[in-house]
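> From first to last, the protein sequence lines are chains P and U.
Residues -8 to 264, numbered by the numbering used here, are exactly what the first sequence covers, in order.
Residues 52 to 297, numbered by the numbering used here, are exactly what the second sequence covers, in order.
Because the hints were derived from the structure by calculation, they are not lab data.
Please note: incorrect hints may appear among the correct ones.
What the hints assert, rightly or not - Restraint-style ranges between C-beta atoms, simulated for each label pair: (1) Ala187/P <-> Trp280/U: 34 to 40 Å; (2) Leu227/U <-> Ala230/P: 36 to 42 Å; (3) Glu87/P <-> Trp66/U: 52 to 58 Å.
Glycine included, C-beta positions come from ideal geometry on N, C-alpha and C.
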Amino acid sequence: MSVRIEPGADGTAPRLAPGVRWQVFARSLGLQASWNHQRMQNLGLLVCLMPWLRARERDPERDRLFCRRYFEFFNTNPYLAGYVIGGLLRLEQEREGQGGLPRGQAQTFRDSLGRALASLGDQLFWLGLRPAVALLGCVVSLVAVGAAPLALGLLALLVVTGQLVWRWRAIGRGYAAGYDIVELLGDPRWHRAIRAAKRATLVLAGVLGGWVLHGGWDDASRPATGGWVVMGLLVAALAFPSLARRRPAGEFLIMAAGILGVVLAFALGEQGS
Amino acid sequence: MTAPELAFAMSGADWALLGWLALLAGCLALDETALAQTWLSQPLPAAFLAGLVCGEPATGLAVGLPLQMALTMNLPVGQTVTGDASGAAVAGVGGAVLAGRTPAPLGGEGDPVLTGWLLLGAAAVSLAGHPLVQAERRLHMVWMLEGRHTLRDGNLGRVEAIHGRCLLTAFVRGGLFAALALLAMAAVWLPLYAHLPHAVGFGFAWLPWLAAALGLGAVFERYGARRHWGWLGAGLGAGWLLGALT
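Generate the whole structure from the sequences, applying the supplied hints.
This is the structure:
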């Protein structure tokens, strides 16, 4: 996702000092460390912004007011938080020496951008890429068989590197764009990426579902395991959440599977055992 | 069942392994919410990493694969958190290795009843971790409110120290919880397995398949299996072929 960046006075896009940017980046990875029910990521955001403040001479009054601006409620998607952090630092930079960023302005920028990015990030990362990568890992480990450790290692490397690069770039883009970062939200590629990630998740879940059914078919062909009853039960298990329109937590699904398995064992009796 | 049957002796090497696994679990607990949130704290990579630490990656995959399929829809959207899945994955794999047992991979050779029993134990461990995660977040709130003093005196170090304390708490909570769960798994849960009635054991052999099917069914429901039946059908067909080929 890119955003058009207006060049600075000397013709180049404004940039954070490299040392400050590294520190902000490292801290942004821990944005949620002090997550709490009342103000969520407020402390995390403040800690992320501090390297910029620490690069200046200490002024307790200015520091106090800076902390006051960012101690309020804040919540966004951690993968996209870099845009907000970079954008806020740009606004602070622009108002340096003029009494700092007005509290209301900081709040409006932080809250509106944070909310919008939370919604996009939840759709793209939590509901799209995260389950897609998890299921891709399952498929990879089934396909690679003996080479599964290597294949999973490569996938992990790709995923971790990719998201770290994304987060690093988000801080730079947020800083370079400042207020213009809101243009980013209108980029149609967000929604195309969300659609693609969700479709990939569904297809990968289908692949694993087909593999599970084949495993059931294999066992169903052996009379000792209860034949078609087991196969039917697997089909029913795959269809149950869609029919019931319910999605209990996975731990409860495992417990339900345990109960189902035991009921099946007793129902099949001697044939099953 | 008598007490000596539950007795569990650990060698020095076992204690060292427990320490390494606790360290891994602490790092994965950080990854889950507090730090970076890469993909590594998901059940499959977490179990696989635990298997690597134990020198038995196959055991990691045997536990991690069905666990991942069942837990895929446990998403951290909004304020919802269910359980401590990475701690459960480490405890499941580490417990099996410490107890000297080898679970069967889905559809592979070995003891599928043990795999089912381990998964059930891992689910219980994960649920047991939920109140701890919630307690940690309540503690964060108390500490966060301490940071208000900085709004009066401008002491930046105080806020950074509170944030660092929260990180450390997540690491310690994850490591300690996984170590205790792992010991419980190896010393209590897995020995109980030998006393399962035969018929019940047969039922647990099906648990990994049924749990995986229910978990994948939850994915179908979430992503609109009815609307996108064409994509789903193509996936199912490809999966069936994959099953035939592997």
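> Are the hints correct? Go through all of them and say.
Outcome of the hint check:
Under the hint 34 to 40 Å, the C-beta atoms of Ala187/P and Trp280/U, about 18 Å apart, miss the expected range. Distance hint check: the CB atoms of Leu227/U and Ala230/P are about 41 Å apart, consistent with the given range 36 to 42 Å. Between Glu87/P and Trp66/U the Cβ separation comes to about 55 Å, which falls inside the hinted range of 52 to 58 Å.
Violated hints amount to a single one, hint 1; each of the other numbered hints is respected by the structure.
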